[in-house]
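Number of protein chains: 2
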Amino acid sequence: MSVKVNEKYLEGFVSQEEIKKIAPIAKEAFSLVKNHNGAGSSMLGWLTLPEDYNRDEFYRIKKAAEKIRKTCDVFLVIGIGGSYLGARAAIEFLKSPIYNSIRGNDPEVYFVGNSISPSSISDILKVCDGKDICINAISKSGTTTEPAVAFRIFREYLEKKYGEEKARERIYVTTDRAKGKLKEFSTKKGYETFVVPDDIGGRYSVLSAVGLLPIAVAGCDIDELLRGALDAKNEYSDFSMDNACVKYAALRNILYGSGKSIEILASYEPALQMLSEWWKQLFGESEGKDKKSLFPASVMFSTDLHSLGQYIQDGTRNIFETVIDIKKSKDNVTVPYDQFDVDGLNFLSGNDFNDINHKAMLATLIAHNDGGVPNIVLELEDRSEYSLGYLFYFFELSCAISGYILGVNPFNQPGVEAYKKNMFALLGKPGYEEHKKELETRIK
Amino acid sequence: MSVKVNEKYLEGFVSQEEIKKIAPIAKEAFSLVKNHNGAGSSMLGWLTLPEDYNRDEFYRIKKAAEKIRKTCDVFLVIGIGGSYLGARAAIEFLKSPIYNSIRGNDPEVYFVGNSISPSSISDILKVCDGKDICINAISKSGTTTEPAVAFRIFREYLEKKYGEEKARERIYVTTDRAKGKLKEFSTKKGYETFVVPDDIGGRYSVLSAVGLLPIAVAGCDIDELLRGALDAKNEYSDFSMDNACVKYAALRNILYGSGKSIEILASYEPALQMLSEWWKQLFGESEGKDKKSLFPASVMFSTDLHSLGQYIQDGTRNIFETVIDIKKSKDNVTVPYDQFDVDGLNFLSGNDFNDINHKAMLATLIAHNDGGVPNIVLELEDRSEYSLGYLFYFFELSCAISGYILGVNPFNQPGVEAYKKNMFALLGKPGYEEHKKELETRIK
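Residue numbers (the numbering used here), protein chains in the order written: chain A, 1 to 444; chain B, 1 to 444.
You can trust all of the hints, since none of them are fake.
Which copy is meant is left open, because identical chains are indistinguishable; a pair holds if it fits in one copy or across any two.
No farther apart than 20 Å at their CA atoms in a straight line, the calculated lysine to any residue pairs in the SDA-like style are these: (1) Lys126 x Ile98; (2) Lys421 x Phe347; (3) Lys421 x Gly344; (4) Lys260 x Arg317; (5) Lys27 x Asn409; (6) Lys292 x Ser261; (7) Lys247 x Asp231; (8) Lys131 x Ser101; (9) Lys292 x Arg317; (10) Lys131 x Asn100; (11) Lys161 x Tyr337; (12) Lys444 x Leu10; (13) Lys247 x Val14; (14) Lys330 x Val127; (15) Lys330 x Asp129; (16) Lys421 x Gly372; (17) Lys260 x Lys291; (18) Lys189 x Tyr337; (19) Lys126 x Asn100; (20) Lys70 x Arg60.
In short, the hints are calculated from the structure, not lab data.
For reference, chain A alone in the conformation it holds in the complex (with noise of 0.2 Å):
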């Protein structure tokens, strides 16, 4: 039932000799993790979120999602980076990444304020038309541009749409505990709100109420969820180079080191897809310092075979590739007969399309395996919400004790800050005059 780290197609890649050599490394990495005496430790909160999460929050995040299920048909959730990707990955893993087209009596659920695109803006007005609307604002600050902007437009849409009174009802807040001008605005207007926790960066939030509210929205089950994510702190606890959270930092570290520059991770359902993008964020973020790192990229097969599947069979040999691998499908469905046999397939007939594609997994991993890149293969039962708990402190553990052995700091996030200074110069936000003059020069 938990994350298994299966090394089979690692075989020729990584000597045992490597293992040993990075083991005081990874148990050195692992100490900082659970000692708190690492760089970024005051970050650590994610690490027993899911056995200390405050109950009497965790029941308001249930009753005001039970409430926006009954009141409204499109559920608006506004946020960027880690304030949006944890819950969109869970969505589609857990429903599909078709949610809002095959939701049944489930709210729509979008996810907007991540960029400053106005298309993105006015798409989304395009689909509010005519409907009931709540929406969940996300920010620990709220003062990030992309997320402040949208909050102000859709805030403006509900207060005309439903008065100010009755729009009150329909916009929830998630952001710092006591601190921050949006707390602060919330409690003054009335809305109902929840906590980005101090010590949980945006990228481990996901089993935070950051990304819990939009998850029960979408009708999952955020009790089965920490659950999983329960039982996979009590599982990766104790240090062993057996503990798969140890192996999975190792082997990409050992990998890393021997000279692969790009990790991609591969899946077969297109409902990872955006765990993918929740993946790079982690590890991307986390460990892209400091001038080193792993590329992190990701796939989706077997589409990508048709596409990037040329690049990892036979082009330059400095990838390696990480796949999840779902043993047991959300569906059934087999391959009909056909009496002209058309396409020369009817050795599949009656054949289970799970079992096919399980089938083009191994047939992948041999491939890639002899065109000279090593995989790692991550097994994961099904795509319920016990998995997914599972996994996602799987991979946020990883990449703590990965990012340590690497040598950085895995909580911070410097290099968000370059863009944000010359943007706000360029807008010419006060404070910002000589840094604008600057810049003007320069883009001149």
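Fit chain B to the given chain A structure using the hints.
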């Protein structure tokens, strides 16, 4: 109105000397394309397609699209790789990434048969429930597993729903002009067919019937698309280092030669997400061979500035970016004034999102330059059909030139066969008995 290559953000990364040095190689590569004497030159049909396409077929495509738009609620496009990426990229670029949610009176369009996931099939069957359906099966050979099994399922579905006679009116097949069992079968059944040209590979086929029928069904103007491509063909027909296609091809090869291993295609409109996937297939499959080539990746800004942005700013310095800069947005949205100024962004009140988005781009270009990342900027007027046709042609020609500069055949994909062969063996296809035994020993 055309595609312009802006080199400003390459200053300090690419020297005039390097450009001089690559010029004769680029000239030779260009000549191989134009004179049809490079590797794979039998697959150059796309080069003159915008002027010598079959007018009768083009007329039939428009007629068929009109009929489909009148007779169905849901249009299913069955194809994998080049048989779906172009059309999907075009519809999202021209309409919206959430086209199906805001399509008005246009039919819903879904792409199936590009994976072996049973859930994908099952989800689409749910979408179809109670609605009128038309399908377009796209496959040169008719024997590619993923679309073939999906075609079995949806053909059977239509025949059950409408009867064989009436189903025939709802099935459109895009396949080989004359050869193959799918063509033969379609003729026998009386399906209307369109042609996958003999001299155009999947990833170069978007402006043939492969892409045009689905694009037209979504209500896009395919005359304008071809007009843009024709103008591009004329603009880029002669060699010069100022020819934008030559320039882009040369610059990316210079960066590759100077040690960059990843090219990240960046854009600021979520509508370009699938265009990036199309681009990844085009370049990844054309160049990813003989153990070389840039790895093509993509990001969507500003959302991914809060994800891979950290890596791009501060991680391993083995990357460069190619940014698509769309000058005019499709939509106008301005930032509302907020009397509470909760987010401190009142200095933006009344500002146009497109202007803010553009400043975010400039801010990021400078920040990434400062972080040591070269940026190629591709400027495009707008998200019109004309501009998209231009851009498709620009990338196709650039890719062919780039592949020849790199020294590979940009028109084959030998690496795609490896997984297919293994898959057929594991699935027990007659004739693969020996290979099956061998593989089964390996996976034990």
